[in-house]
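Chain by chain, the residues:
2 protein chains.
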Amino acid sequence: MSLRFGILGLLSEWEASGYDIKKEFDDLMSIFWHSHLSQIYPELNKLEKENLISSKLIAQEGKPDKKIYTITENGKEELMKWLLAPTESPKLKDVFLMQTFFMDNISVEEVVFKLKMYKKERTQRLDKMKQIMIERLKSIKERNVMKARILMSSVVLKRGYEQELQYIRWCEDTINLVESCKFLWEKSEGKRSTIIPFSDVEEMFMNYFSDMIEEY
Amino acid sequence: MSLRFGILGLLSEWEASGYDIKKEFDDLMSIFWHSHLSQIYPELNKLEKENLISSKLIAQEGKPDKKIYTITENGKEELMKWLLAPTESPKLKDVFLMQTFFMDNISVEEVVFKLKMYKKERTQRLDKMKQIMIERLKSIKERNVMKARILMSSVVLKRGYEQELQYIRWCEDTINLVESCKFLWEKSEGKRSTIIPFSDVEEMFMNYFSDMIEEY
DNA sequence: CGATCCATGTAATCCGTTACATGATTAC
DNA sequence: GTAATCATGTAACGGATTACATGGATCG
Numbered sequence: 001m002s003l004r005f006g007i008l009g010l011l012s013e014w015e016a017s018g019y020d021i022k023k024e025f026d027d028l029m030s031i032f033w034h035s036h037l038s039q040i041y042p043e044l045n046k047l048e049k050e051n052l053i054s055s056k057l058i059a060q061e062g063k064p065d066k067k068i069y070t071i072t073e074n075g076k077e078e079l080m081k082w083l084l085a086p087t088e089s090p091k092l093k094d095v096f097l098m099q100t101f102f103m104d105n106i107s108v109e110e111v112v113f114k115l116k117m118y119k120k121e122r123t124q125r126l127d128k129m130k131q132i133m134i135e136r137l138k139s140i141k142e143r144n145v146m147k148a149r150i151l152m153s154s155v156v157l158k159r160g161y162e163q164e165l166q167y168i169r170w171c172e173d174t175i176n177l178v179e180s181c182k183f184l185w186e187k188s189e190g191k192r193s194t195i196i197p198f199s200d201v202e203e204m205f206m207n208y209f210s211d212m213i214e215e216y
Numbered sequence: 001m002s003l004r005f006g007i008l009g010l011l012s013e014w015e016a017s018g019y020d021i022k023k024e025f026d027d028l029m030s031i032f033w034h035s036h037l038s039q040i041y042p043e044l045n046k047l048e049k050e051n052l053i054s055s056k057l058i059a060q061e062g063k064p065d066k067k068i069y070t071i072t073e074n075g076k077e078e079l080m081k082w083l084l085a086p087t088e089s090p091k092l093k094d095v096f097l098m099q100t101f102f103m104d105n106i107s108v109e110e111v112v113f114k115l116k117m118y119k120k121e122r123t124q125r126l127d128k129m130k131q132i133m134i135e136r137l138k139s140i141k142e143r144n145v146m147k148a149r150i151l152m153s154s155v156v157l158k159r160g161y162e163q164e165l166q167y168i169r170w171c172e173d174t175i176n177l178v179e180s181c182k183f184l185w186e187k188s189e190g191k192r193s194t195i196i197p198f199s200d201v202e203e204m205f206m207n208y209f210s211d212m213i214e215e216y
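Chains as they are written, first to last, in full-length UniProt numbering: chain A, 1 to 216; chain B, 1 to 216.
Incorrect hints may have been included.
Which copy? The list can't say, so a pair holds if one copy fits it or any two copies do.
[Unchecked claim] Think about it this way: if two alpha-carbon atoms lie no more than 27 Å apart in a straight line, the pair counts; the simulated DSSO-like pairs of lysine-lysine are: (1) Lys128 x Lys93; (2) Lys116 x Lys49; (3) Lys66 x Lys120; (4) Lys46 x Lys147; (5) Lys182 x Lys23; (6) Lys119 x Lys147; (7) Lys56 x Lys191; (8) Lys130 x Lys191; (9) Lys141 x Lys182; (10) Lys138 x Lys116; (11) Lys187 x Lys120; (12) Lys91 x Lys128; (13) Lys116 x Lys93; (14) Lys76 x Lys128; (15) Lys141 x Lys119; (16) Lys76 x Lys116; (17) Lys49 x Lys130.
Think of the hints as simulated: they come from the structure by calculation, not from any bench.
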């Protein structure tokens, strides 16, 4: 239900083809959404039937023809209605966190390895975003222009950046905690994992969670 | 493709019914996944057909009968294979960030209102997680036990908490930035929004993004 | 000469959500 | 008496992913 508004939002600024829209989704917008061409094209056709966008066919030399879409007044109204509607409470899906939750089932070495790998993955995303931001800033400064759309896309970029940075820090902290709690993965009685008194790990445990439970 | 592993992961620790599993998904696990009973029940049947779990029917007094599922050796292997497999790069979906991206289409007052509302929403989630953590800690201390599963579920809880906290802080920072850049939403020439020289907002802009572009 | 880019789509499948269906017990 | 809890499902629909299909231009 959100893809259509992603498309309408984009077309509220520029006119574009399905192919162009896909590129935007793969670029900056990948921070909050993603979609395949095979979903974008049918959605564009639906939006046109509903009179929220209109199209014109452009012939090109040396390249296939393209269909350029423009938002209609109806479309702008729909977009604004959606922007003003209360946002549904977010339902997160994070496969890595799910894996982490169940990592008592693999060895400590493997846990640490997985955390390091994932940290790497996230670091690459961070670097990419930093790069995008630096280029944006350069271009903004050179052209010396600022407007609401640029501001809002930049604050979204910042949120994406922060998210990556914090995930990386969490990976680091968690690697440290897991390594200092290694012995929890030792198997006693053949198959079952160790259960030890909390007091043995209390200090490092409380240290890891200190900012979460300050006053407690 | 992840729901089945969420179920297998749960059953690697306790045996449970579909109804029990749903409750776990609604509780702590809601940080990284969610699912409906109408999806859980068919998935359980599929998993049983594939010999990854087995069931026994338990008759109860005053309550409907229930089917208790247990993980099989096959199931444990599948779970471990999944835990060790490289994690697919995360594809985020965040409707609120999408809305934010396009908020040049509504008035500043409405932008600030939306940000405040969303901050409230996230604050409620934060409080809930804090509560869960405090109760966990109390129970861990009282029973004086620690094991790998408890550790890993706690680190996941911390990630969830941090995520909420940081989102809230971003909302606050963004409200301030938007309010100090109000004039960008003023319409000039009837319909188009204002374009102003970047130098007019450079200081507050750079301040908001300072941690993202330190050395630049 | 193979890969990637440009450009638009259809079909099959899978995953997820909402609605429908049933029915006893318990708490307010 | 009305809502919530316990307990298990099916059916319909909608959204998202993967596979299939086409074909010229350009780059290495």
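Now the hints, each set against the structure:
1. With identical chains, the CA atoms of lysine 128 and lysine 93 are at most 27 Å apart both within one copy (22 Å) and between copies (18 Å).
2. In this assembly of identical chains, lysine 116 and lysine 49 lie within 27 Å of each other by CA distance neither inside one copy nor across copies; the values are 49 Å within and 36 Å between.
3. Taking the shortest Cα distances, lysine 66 and lysine 120 never come within 27 Å of each other, neither inside one copy (39 Å) nor across copies (44 Å).
4. Taking CA atoms no more than 27 Å apart as the test, lysine 46 paired with lysine 147 passes in neither setting, with 31 Å inside one copy and 53 Å between copies.
5. Taking CA atoms no more than 27 Å apart as the test, lysine 182 paired with lysine 23 passes in neither setting, with 45 Å inside one copy and 30 Å between copies.
6. Taking the shortest Cα distances, lysine 119 and lysine 147 sit within 27 Å of each other only across copies (24 Å), while inside one copy they are farther apart (35 Å).
7. Taking the shortest Cα distances, lysine 56 and lysine 191 sit within 27 Å of each other only across copies (24 Å), while inside one copy they are farther apart (67 Å).
8. Proximity of lysine 130 to lysine 191 under the C-alpha cut-off of 27 Å is found in neither arrangement, the shortest distances being 46 Å within a copy and 34 Å between copies.
9. Proximity of lysine 141 to lysine 182 under the C-alpha cut-off of 27 Å is restricted to the inter-copy arrangement: shortest distance 20 Å between copies versus 51 Å within a copy.
10. Taking identical chains as interchangeable, the C-alpha atoms of lysine 138 and lysine 116 are never at most 27 Å apart, the minima being 33 Å within one chain and 31 Å between chains.
11. For a Cα distance limit of 27 Å, the shortest separation of lysine 187 from lysine 120 qualifies neither inside one copy, at 30 Å, nor across copies, at 45 Å.
12. For the homomeric pair lysine 91 and lysine 128, the shortest alpha-carbon distances inside one copy (26 Å) and between copies (15 Å) are both at most 27 Å.
13. In the homo-oligomer, the alpha carbons of lysine 116 and lysine 93 lie at most 27 Å apart both inside one protomer (21 Å) and across protomers (24 Å), since each shortest distance falls under that limit.
14. In the homo-oligomer, the alpha carbons of lysine 76 and lysine 128 never lie at most 27 Å apart, since the shortest distance is 32 Å inside one protomer and 37 Å across protomers.
15. In this assembly of identical chains, lysine 141 and lysine 119 lie within 27 Å of each other by CA distance neither inside one copy nor across copies; the values are 33 Å within and 31 Å between.
16. Taking identical chains as interchangeable, the C-alpha atoms of lysine 76 and lysine 116 lie at most 27 Å apart only when they sit on different chains, with a minimum of 24 Å there against 45 Å within one chain.
17. Proximity of lysine 49 to lysine 130 under the C-alpha cut-off of 27 Å is found in neither arrangement, the shortest distances being 40 Å within a copy and 48 Å between copies.
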